[in-house]
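For the sequence shown, UniProt numbering gives the first residue as 1, with consecutive numbering after it.
To be clear, the hints were calculated from the coordinates, so they are not data collected in a lab.
Where hints are given, some of them may not hold.
[To be verified] Quick list of simulated restraints, FRET-style, between CB atoms:
hint: 1; residue 1: I60; residue 2: W107; range: 18 to 28 Å
hint: 2; residue 1: P71; residue 2: R13; range: 33 to 43 Å
hint: 3; residue 1: R45; residue 2: G98; range: 17 to 27 Å
hint: 4; residue 1: L50; residue 2: W107; range: 23 to 33 Å
Note that the Cβ used here is the ideal one computed from N, Cα and C, for glycine as well.
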Amino acid sequence: MLRGDPGGHTAYRSLIEERPPAHELPKVNADAVRMILYTSGTTGRPKGVLHSHNSLHALICQIREHWMVEPGDRFLVPSPIAHIGGSIYAFECPLLLGTAAVLMDRWDPKLRYDSCAPSAAPMSPGRHRFWNSCSTRRGGPELGFPT
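Build the full structure now, drawing on both the sequences and the hints.
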């Protein structure tokens with residue numbers, strides 16, 4: 001949400017006050033900034049990363065093609081939705097690819113397996129930290145995660 005003068009952007013208030021007919025969608029510049037996400041700062045100072053409609057669309061297309069995603073596929077989303085991974089798989093993929101998202105309140109490898117069997121959400125993207133924990137003492141190989 002933008003507070004103050006929206007400049008060349010659409011102000012939030014105008015989105016909720018003005019209701020164009022359902023068949024009219026606002027014109028969007030595909031190169032305009034759509035999202036700013038901040039890095040964690042692990043390799044230096046945190047930085048704001050500007051993502052355009054085009055850059056996010058390219059990522060979604062790569063996910064669809066690389067993982068052969070079909071409408072109706074289900075993703076388990078262990079990442080927080082404020083993280084690029086959580087945002088992409090919780091919001092963008094369902095909206096643009098017709099997938100479903102199963103969100104986790106917190107990461108626990110046993111909960112991942114118990115509450116959401118691989119057959120229920122066979123696609124589980126996430127950082128290596130999530131999946132490394134599945135094969136350590138905390139999760140153990142006995143969980144039987146398929147590869």
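Checked hints:
no.	hint	verdict
1	I60 with W107: 18 to 28 Å	holds (24 Å)
2	P71 with R13: 33 to 43 Å	holds (34 Å)
3	R45 with G98: 17 to 27 Å	violated (39 Å)
4	L50 with W107: 23 to 33 Å	holds (28 Å)
The structure is inconsistent with hint 3 alone, although it conforms to all the rest.
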